[in-house]
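K.L.:
Between the sequences and the hints, there should be enough to build the whole structure, so can you do that?
Following my numbering, the numbering of the sequence shown begins with 1 at its first residue and continues without gaps.
Treat the hints with caution; some may be incorrect.
[Claimed, not checked] Derived DSBU-like pairs (lysine-lysine); straight-line CA-CA distance at most 35 Å:
id	residue 1	residue 2
1	Lys9	Lys79
2	Lys70	Lys20
3	Lys57	Lys2
4	Lys2	Lys79
5	Lys2	Lys20
6	Lys20	Lys9
7	Lys70	Lys2
8	Lys9	Lys70
9	Lys57	Lys9
10	Lys79	Lys20
11	Lys79	Lys57
12	Lys57	Lys70
13	Lys57	Lys20
Don't read these hints as lab results, they were simulated from the structure. Here the structure is a predicted model, which means the values were calculated and not measured.
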Amino acid sequence: MKYREAVEKLSSDYPNVIQKLVLTDDLEVWANITQEFSRCDRAKLFEVALSQWIERKINDGTLLLHPEVKAELISRNYKP
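P.N.:
If you want it as structure tokens, here you go:
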């Protein structure tokens, strides 16, 4: 299975885990939330959740960024 396909499968199979990650502000807690997953699957879940987490933090005004950095993140679909 290709990497992108694996990411999409995890996204569709575990939307609750991703949503929990997105709503968790302490990024160190993410490891606890995903402890049942393999290292590889955990990395894929983090990839999906991170861009959604960044989007949420920007939209609610709790991620303070330079306006140019903010605009660049938005143009990249919130992918760092």
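K.L.:
All hints, please: hold or fail.
P.N.:
Outcome of the hint check:
Between Lys9 and Lys79, the direct Cα distance comes to roughly 19 Å. Compliance with the 35 Å bound is thereby established for this hinted pair. About 24 Å separates the Cα atoms of Lys70 and Lys20, which keeps this hinted pair within 35 Å; it holds. Annotation: proposed proximity of Lys57 to Lys2 holds, straight-line Cα distance about 30 Å (limit 35 Å). Between Lys2 and Lys79 the alpha-carbon distance is near 20 Å, which keeps this suggested pair within the 35 Å criterion.
Between Lys2 and Lys20, the direct Cα distance comes to roughly 25 Å. Compliance with the 35 Å bound is thereby established for this hinted pair. Restraint check for Lys20 and Lys9: the C-alpha separation of about 17 Å stays at or below 35 Å, so the hint holds. For a cut-off of 35 Å, the pair hint linking Lys70 to Lys2 stands: about 31 Å separates their Cα positions. Distance hint between Lys9 and Lys70 is fulfilled; the C-alpha atoms sit about 29 Å from each other, no more than 35 Å.
The suggested pairing of Lys57 with Lys9 holds, with an alpha-carbon distance near 25 Å, which does not exceed 35 Å. Straight-line distance between C-alpha atoms of Lys79 and Lys20 comes to about 19 Å, which keeps the hinted pair within the 35 Å bound. Our distance criterion of 35 Å between C-alpha atoms is met by Lys79 and Lys57, whose separation comes to about 13 Å. Taking the CA atoms of Lys57 and Lys70, the gap is near 11 Å; set against the 35 Å cutoff, the hint holds.
Taking the CA atoms of Lys57 and Lys20, the gap is about 14 Å. The hint holds against a cut of 35 Å.
The structure fails none of the hints (numbered hints given earlier).
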